[in-house]
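Those protein sequences? They're chains A and B, same order as listed. Counted from 1, the first sequence has number 280 at position 280 by the numbering used here; the numbering is strictly sequential. For the numbering used here, add 1000 to where a residue sits in the second sequence, where the first one is 1.
If you are wondering where the hints come from, they were derived from the structure by calculation, not from laboratory data. Backbone N, C-alpha and C fix where the C-beta goes; we use that ideal spot for every residue, glycine too. Any given hint might turn out to be false.
Only part of the chain B face toward chain A is listed, based on derived beta-carbon distances under 10 angstroms [claimed, not checked]:
1. 1002
2. 1007
3. 1017
4. 1036
5. 1065
6. 1069
7. 1070
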Amino acid sequence: MSAAGRRARDLAAAVRAGETSAESVLRDHLDHIDAHEADIRAFTTLATRSAREQAAEIDRAVADGAELGPLAGVPVSLKDNIVTEGIETTAASAILRGWIPPYDATVARRIRDAGAILVGKANLDEFAMGSSTESSVHGPTRNPVDTDRIPGGSSGGSAAAVAADFTPLSVGTDTGGSVRQPASHCGIVGVKPTYGRVSRHGLIALGSSLEQAGAMGADLADTALLHDVMVGPDPADATTLPDRPEPVSAHLDDGVAGMRIGLVTELLGDEIDPAITARVRAAAEALAAAGAEITEVSIPSVHHALAAYRVLVNAEASSNLARYDGVRHGLRVDADTTDEMMLATRTAGFGLGVKERLLLGTHALSADHFDTHYDRARRLRTLLIRELATAFADVETLLAPTAPQVARRLGEVPDADIAWFNDHCTVPANLAGIPALSLPFGTADGLPVGVQVMAAARGEIPMFRTAAVLEATAPTRTDRAVHGPGGDLP
Amino acid sequence: MAEHTSSDEVRKLADLMRLRFDDTELDRVVRTLDDVLGRLAVLADLDLDDVEPTIHLNDLQNVWRSDEIGPTLTNEEALAAAPAAEAGQFSVPTILGETP
């Protein structure tokens, strides 16, 4: 039986026990990728040779009886805005095409140290700016559930790689929902950790005060396994939290008896497809049946969170992307003077959507608009944090939709209001720095619907406990057009 | 007609960001910015004067560490991806004499 389609934890256990080899696990996944990648295009780069070397190393360690990490022999993919030593890293932008980083991001290093095999880099919207994976310089990725549809984004390649069983695990990044929304669209699990829980060292920065790398997997136990490997302090990122947290994997069976859980009133409004709201209410009923006490919680600032988010993320991006100037790495368009060279390089290297966001950020930070935009956005952020703190004094976790709509068709141009509200349910967690995850909970119009669970900062354990109860009662997994031959599910 | 920005303002911002747009792009960019700025106008109407701005999420104090040399890139590694390098340094075209 092929290993493609099997769970990461089962593969790691089998490799450790010597029941299968890392090389054979890798071969099955590469064969599956070879057969179906043309239909999905989840990857920007396949690192086949270094993956084979890593797998051989794991197999030697097994033969030597060496201690093996929790992801021993598990194929993984990393979103292509996470830098990898010796493997091209593009952020899906023409300005970085061909760049071979000289070092590993801390998350990449931790995953390799845990024994995982890095199979390839996953596609994304250019510089993670978007939510469809259509703006990639490498072309769009397709949704393995229905290949006429988008996988969501910006971690669309990661979500598609997991949903298609190309790699049982993937790491994405989430600045305003970029792990959770594609997880929802592709019917998988995706986590946005507490701000500072995972090192940002080696992430190609978009919004530094908002983003975290997050685990993506086919189910909760696999995702928890990867999450536990990624977390912890890092001397290379001074914003990481100083404590090493207790593994969430140990708490998946704790249940929710007696737990108070809140439904966010402001995230059940007209902006959300009623079929999706119905799934969230069904999730609340499932939790109540498992002994939780469900209540409605109001977070009024959620109504203005999108406006504050747009200002802050673009302001931070305009600063972060100033480094792409044709001097140290990436594209250079030659010109007579340095000023002309930088202008020509940036004009040729960035896509139009990226340029629009850079202009917005510059606008928000300019002297004329600083008080009305950037400063106000920072104050609204404080208000939102306060309201959430009040809510979490009463409830342990919050329940909401992940995305207001199911995955749209590739190439379809959404109505301006629908496009604006795309991140409505996900940005509050980034603004407040709290953990949030998306878990598949049935379908609407035959397409996957994710339900979002949020918790107070450092509240990953109650968040995973809540999600585990939901997973146990969730309808069976959505049929996928592309999936691994080795899975026990369709 | 754009209400919240103008072609002139967009050209000025583009200049600051070291970006250039042709006329077709400029039209689109002005329309996009105008739409988003219209949606952001709500921020100006909120009563936030008594709310402190959030500067950073985690209550972090200055982080100190001992001044020890750890793993670092060699000069060659640091320059390996440079579009142009000379004498162990990043190399750029003329700077002096150009108009800003």
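Taking the hints in turn, this is what the structure says about them:
Interface hint at residue 1002 (chain B): violated, since its Cβ lies 13 angstroms from the closest Cβ of chain A, which is beyond the 10 angstroms cut-off. Here the hint on residue 1007 (chain B) is broken, as its CB sits about 12 angstroms from the closest CB of chain A, past 10 angstroms. Checking residue 1017 (chain B) against chain A by beta carbon gives a least distance of about 5 angstroms; that is within 10 angstroms, so the hint holds. Hint status for residue 1036 (chain B): holds, given a least beta-carbon distance of 6 angstroms to chain A, under 10 angstroms.
The interface hint given for residue 1065 (chain B) holds, since its Cβ lies 6 angstroms from the closest Cβ of chain A, which is under the 10 angstroms cut-off. Interface restraint check: residue 1069 (chain B) against chain A, minimum CB-CB distance 13 angstroms, threshold 10 angstroms, status violated. For residue 1070 (chain B), the interface hint holds, the least distance from its beta-carbon to any beta-carbon of chain A being 8 angstroms, beneath 10 angstroms.
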